[in-house]
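Enquirer: Listed below, chain by chain, are the residues.
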Amino acid sequence: MSNVASETMHHDEHEHHEQSFISKYIFSMDHKMISKQFLITGLIMGLIGMTMSVLFRMQLAWPDKSFPIFDTLFGRWSTDGHINPDFYMALVTMHGTIMVFFVLTAGLSGTFSNLLIPYQVGCRDMASPFLNMLSYWFFFASSVILMSSLFVQTGPASGGWTVYPPLSALPKAMPGSGLGMTLWLVSMIFFIGSSLLGGINYVVTILNMRTHGLTMTRLPLTMWAFFFTAVLGILSFPVLLSGSLLLVFDRSFGTSFYLSEIFIDGHALTNAGGSPILWQHLFWFLGHPEVYIIILPALGITSEVVATNSRKPIFGYKAMIGSIMGIAGVSFFVWGHHMFVTGMNPLFGSVFMFITFLVAIPSAVKTFNYLATMWRGNIRFTPAMLFGVGLVSLFVTGGLTGIFLGNAALDIPLHDSYFVVAHFHIVMGSSAIFGLLCGVYHWFPRMYGRMMNPQLGYLHFWLSLIGVYMVFFPMHFMGLGGVPRRYYAFTAWDQFAIWNDMNEFITIGAIIGSFAQLIFLYNFVSSIFFGKKSVQNPWGSNTLEWTAPVEQIHGNWPGEVPKVYRWPYDYSRPDAVEDFVPQNVPDDVVPVEWAGDPHGAASAHNEVSSSDAKSESVVHFSWFKKLGMRLGVL
Amino acid sequence: MLHFNMKKVFALLTVILVFGFGAFAADMTKDPGFTNGEKLFKTNCATCHALDKKVTGPALRGVTSRRKEAWIIKWVKDNAALRATNDPEAVAIFNEYKGVQMTAFGNLSDGDIKNILVYVENAPAPAAAKAPVAAATDGGQPAEDTSAWVYVLLAILLFALLVLSLSIESKVSKLLGKELINWNKINAIMFPVMLIAGSMYIYHYFTKYAPYTYFSVGAGTEHGKVLDQMFMVTLTITGIVFILCQFLAFTFPYFYRHKGEGTKAFYYPHNNQIEFWWTIIPSIVLVSLLVYGLKTWNGITMQDKPQNAYEIELFARQFDWTVRYAGPDGKLGKHDYHKIGGANFVGMDYKDVASHDDILNVGEVHLVVNQPVVMNLRSQDVIHSAFIPNLRVQMNAVPGIPTSQIFTPIVTTKEMRARLQEEHPNDPAYNTWDYMLLCNKICGASHYLMKMVVIVETKEEYEHWLATLKSPYQAENPVVVPATDTVSTNKTAALK
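Order-wise, the sequence lines are chains A and B.
For reference, each letter of the first sequence is one residue, going 1 to 634 in the working numbering.
For reference, each letter of the second sequence is one residue, going 1001 to 1496 in the working numbering.
Hints listed in this document are in silico derivations from the structure and should not be mistaken for laboratory results.
Quick caveat, the model's predicted, so the values are computed rather than measured.
Backbone N, C-alpha and C define an ideal beta-carbon position, used for all residues, glycine too.
Do not rely on the hints blindly, as some may be mistaken.
[Unchecked claim] Simulated coverage check for chain B against chain A, where a stretch passes if three residues somewhere in it have a Cβ under 8 Å from a Cβ of chain A:
| id | stretch |
| --- | --- |
| 1 | 1063 to 1070 |
| 2 | 1109 to 1121 |
| 3 | 1206 to 1215 |
| 4 | 1289 to 1298 |
| 5 | 1455 to 1468 |
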């Protein structure tokens, strides 16, 4: 209905092409251009964040060595080739902020939601191209503000990316809590604006602008993942926004939301009645869904890539949707597991621990489904597929350590140790980066009409995998040795001297991993200009974006938008000639349902052969309920 | 494309490398006083002082040229007493650091302090030590930097070579009309290769570092033992899943790789039964772990104060820890952050008589073995966290919000040290091992130096130690005569 309307509305828009440079490349409202803008901004931020991590890792690994490069780069923030403790904390903080928000939220979800949503639901652009443009420019402004804080007198925010007050609220507590922190907050407010504008657009587009025949249960898993990512963002980012505003009030207008009974710099402050723990509640109410905002798109991308390159349907399509839903739903009620040792009522600890354990179930289901998808497949190792498999491995490794940390009792000795650093860097840091790279390799031909060099891609992958495991696996042992995170040096701690070798090893791993990313950047940039020209559907994929011409045109498809007849995972159908059946192949060419299905498996997802919305919602509900009951969510 | 005179390039590389490595040979002071001084400095001074940088206190290098040695010794031993004599230098320092008082180190002998000074003046300044050698290589550029550039150069050369050979490979393949290298197979084989290499790597790390994790020697507390056991159970379960999943993730790619044009994948979209089982089995395992965890958590956090427990208070500020003992009356007096100042830097409220006998000690806390202790936490400025890894104790200190944790140490420092020495007979570091309390919530630039020694000992040792400490209230309001007596005997001694 509404999709029909939008189709007619947009129908002749692609006719006029005359666009100025500014409206085409800068203030573009075309989802494809906006996705490129997000990607390139995200990659630049990623390069900065990565470089920071290598530099502070060098300081940490060789505290007694002098690196003149620090003096060159950081000026007065460095003395005799050593990063100053203040600035070390600033680097750690900026690395976290950049990676979590600017690379893995905007760079990942922003890029691929923008690129894929209109293509894969079969519409000509986002529901609101204008909001979409605003979303990018809010993000851009936010990036610029954050980067500018590197150049202020007192340095950038340096209280950790979680910016817990009172440390972040009191400029007297550390220099980074001065102007740098104000800029951090302003940047974050812009960022949240960007995220909300984007999120609303994604949700509306997926719900209302699907093409003919594309029922919700025929959506590729990427769409499901992006859909729930957007919902999570819309519901949780406003909480951080209000939390940030309260922090602005505390910092600049003398309120006491987070401050109470503080004596600092020789004076007793008058603030009374506030609670520093309140910030942690507000922050983690976003912060925990945030990790799923990061990982769900990566999982969605991987689902698509693993199925396409295994030449097999994704195993358990509906279980996959159910687990995305389960993860998304549960993620709102687990934030307290970041706060087990804050002195919060232990009863809360019990509740949060209980719900946290629930998340492990859908996560496990997802992993098993990936493995089952590869089982008896016909796997082609494109660089994207390699990163997909890498993600599965990392997701397992990092996910399992979550079972230790989600346990409130075990969290007592593990909290804020290197064990935690290892856990989240593997499960939502590296995994999501692998998802991002997987997506870039897979959809590069769609974005730029050219192919990336596959051999460099292989090299990039293997070095990255080695790098990630070299860096983060040993950290588990450090954490179990009681080594705390966010320490500038361990020189004053005899009992941690044993970990010095390991610290050096980790830094070497980080340098190898970063070097691999430079190969990727070279490959990315050179392929944009000199890559081999792509064919329309280079991976033999079923989804709609590959039915559009290689040349990107305004409105995506030259004629009618394609109609959809089937789910997106008809790979290696025994009754089809090719080993893939695109979604727009009509029923009379290849039947929607395969008659020879031994388990009645194929019938379940194609019960509705017509695109009637009403009967679809009935089916939708019944399997949702079944699954929900099974997962113990309902 | 590349027209280098390779001989020249190699000659240059060799020269740079040789000199680059030469720079690593740095001279170290081997004086015994220096070594002892270094140790004393790290345990006593490093919390607040750095050699070349102003931290909580002033930078110490060059202090002997600024002040006389005798003065320094007096200052270190009891700076309050020195200030009381209206020594102008002492008062000036006190004012410069806004009344933040330096801890008195009455326990250090004159010799100790002299050793510290030897260390302070002769400790190598990391940058300066290497500069002269570096200058020889290429006119001013420090050596490490140069060798780093060599690696960068080598990496770029290797990379260029790689790109070149790849492009040759693809051109030859095009000419021949078939793929020269079967990349799909290479990638497929890489997975099991990585699995084997990765297993060896993990095994190596387990055997090398597991003895240094605190789970190997066991916990020093009652609840810690339960946690260790639970850790092992969780490790076993997750370990099985880890091995299984990684094995499949790294072998499926090999077995089910694309083997040629004829192969087709098995169309198998789903199987409800198998989905059911791999949902239900993890659920059951997780629920059992959950019940186990909840029981333990409740046992640790929801216990009532045991009858024989005593209370202590840990007071945190940037960047040190202070312990407050209740004194003879067994009650911690009330506190009020407005009262912070001078000797009463933890803000005891003297209107509450219970605070008069409260005892403070900075940087070291003593606990009684086999007796439950209620550890109350308070912070004056930002959030800190008291983390004692070997006791499996961790709790945040939050300004304005009192927090506490109850635990029972069951292994004394001496016993634990003996255990560790037995575990690592060849490592002299464990001869001086102590339980450490470390700040585990980022609290500012010197967060990484904020520590406290924890001594677990017998009741007698504990009481003996406690008797050596004075309550600040009683020190300020001396009602007992002997205190003045000692001063007068000192005076007479000085006169003689």
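Enquirer: Does each hint hold? Answer for all of them.
Expert: Going through the hints against the structure:
| no. | hint | result |
| --- | --- | --- |
| 1 | 1063 to 1070 | violated (count 0) |
| 2 | 1109 to 1121 | violated (count 0) |
| 3 | 1206 to 1215 | holds (count 6) |
| 4 | 1289 to 1298 | holds (count 7) |
| 5 | 1455 to 1468 | violated (count 0) |
When the structure is compared with the earlier hints, violations turn up for hints 1, 2 and 5 and for no others.
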